[in-house]
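Residue-level listing of the chains:
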Amino acid sequence: SQQGEEDPQALSIQEGENATMNCSYKTSINNLQWYRQNSGRGLVHLILIRSNEREKHSGRLRVTLDTSKKSSSLLITASRAADTASYFCASRPSGTYKYIFGTGTRLKVLA
Amino acid sequence: NAGVTQTPKFQVLKTGQSMTLQCAQDMNHEYMSWYRQDPGMGLRLIHYSVGAGITDQGEVPNGYNVSRSTTEDFPLRLLSAAPSQTSVYFCASSYSIGDRGSTEAFFGQGTRLTVV
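Protein chains in written order, with the working numbering: chain B, 6 to 116; chain P, 1035 to 1150.
These are computed hints drawn from the structure, not numbers from a lab.
One thing to keep in mind: the hints can contain errors.
[Stated by the list, open to error] Derived list of chain P stretches under chain B, where covered just means 3 residues or more per stretch with a C-beta under 8 Å from a C-beta of chain B:
(1) 1057-1069
(2) 1078-1086
(3) 1110-1121
For glycine and all other residues, C-beta sits at the position ideal for the given N, C-alpha and C.
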């Protein structure tokens, strides 16, 4: 399978805490994106990071990319109950027009 | 501007039946794709298209056909439904995915398919 992997599979934290989730992929990539999925709904784009970038910020989100380790991490700071969702990374292997999704991290933020 | 529209939202099929899942976008996006989502498996790419008249296989293409006769529409056909095709199907589109740069994907709300 080409699927990327994410860990942890599930994460439960208190409101106000930070949440970190990790994504690993298998081949060299052009870029990597993070998406959020609320239960039973479609995916919503969060952030895109290109292979020549190491870190990117968007509001309370911080994404890092380590191409030497073929991994990325998503940090959500000062989490809120509304952040409760599943989070997926999607990597685009170099030279392809495909996006390969990770298996996802289920985040639960307790009020 | 409706974004990505998938129909139907729910469908129950008997084994061996065929059907078409519809996907339409009104954003003039070049790139469209179909995924299936199964519990614990994340999203897996079925087929994708980089423009009208051009389609290619993803990770799990067997049992599915696609065509892209217009920029707006990208239907997914199940040829002979099997219980293993019970899943939630998502269509997505993005403005570009070329070497000049990729842009975010917009997802439809999904079609929940059950094959009995």
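Comparing the hints with the structure gives:
no. : hint      : verdict
1   : 1057-1069 : holds (count 3)
2   : 1078-1086 : holds (count 4)
3   : 1110-1121 : violated (count 0)
The structure shown violates just one earlier hint, number 3.
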